[in-house]
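Trainee: Could you build the full structure based on these sequences and the hints that come with them?
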Amino acid sequence: MKEGDKVSLIIGHESPLGFSVLIDEQEEGLLYKNEVFQELREGQVIDGFVKKVREDGKIDVALQPQNFKKAIDGLTATVLKSLEQHNGTLSLTDKSTPEDIKAQLQMSKKNFKKAIGILYKERKIELTKDAIVLLKK
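First residue of the sequence shown? That's 24 in the numbering used here, and the numbers climb one at a time after it.
Calculated directly from the structure, the hints in this document are not laboratory data. Predicted model, so just to flag it, every value in this text is computed and none were measured. We treat Cβ as the ideally placed atom computed from N, Cα and C, and that holds for glycine. Just to be clear, a hint being listed does not mean it is correct.
[As the list claims (entries may be wrong)] Derived BS3-like pairs (lysine-lysine); straight-line CA-CA distance at most 25 Å:
| hint | residue 1 | residue 2 |
| --- | --- | --- |
| 1 | Lys81 | Lys104 |
| 2 | Lys137 | Lys159 |
| 3 | Lys104 | Lys75 |
[Claimed, not checked] Label pairs and their computed distance ranges (CB to CB):
| hint | residue 1 | residue 2 | range |
| --- | --- | --- | --- |
| 4 | Ile141 | Thr120 | 18 to 24 Å |
| 5 | Gly80 | Asp153 | 46 to 52 Å |
| 6 | Gln129 | Leu150 | 16 to 22 Å |
Mentor: Following this line, the structure appears as structure tokens:
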């Protein structure tokens, strides 16, 4: 098992740090709570990705791909899909609260800002004072 591998996770108990997981029904790992943007329940089976294999043999996992290009592609796709579902406008900006962003897009504010930055540079969106607007092709 190496960093970036896609794996099957079985969610275990929750701790103050995160969730214990069973990786591919073989290894134990940890999914950090601050990287989870959806409801999880004990026993749930979900796809994940190996984030880091530590020197002590412990494995950290994430629910998003760890390859930067794949991760960014997923984030921008999420924003675009949400824009399309909301008639081309989202009432979010870079000043929106992390809670509002998480509620609407299930991503962190940091990832949201990365995604809208890329979409803006690609001229796919316009940023207004109080919204993000999908530009027509």
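Trainee: Decide, hint by hint, whether the structure agrees.
Mentor: To see whether the hints hold, each was checked on the structure:
1. Lys81 with Lys104: Not satisfied, since the Cα-Cα distance of roughly 36 Å exceeds 25 Å.
2. Lys137 with Lys159: Measuring from Cα to Cα gives roughly 21 Å; hence the hint holds.
3. Lys104 with Lys75: Outside the cut-off at roughly 30 Å; violated.
4. Ile141 with Thr120: 18 to 24 Å: holds (22 Å)
5. Gly80 with Asp153: 46 to 52 Å: holds (49 Å)
6. Gln129 with Leu150: 16 to 22 Å: holds (21 Å)
Against the hints set out earlier in the document, violations occur for numbers 1 and 3.
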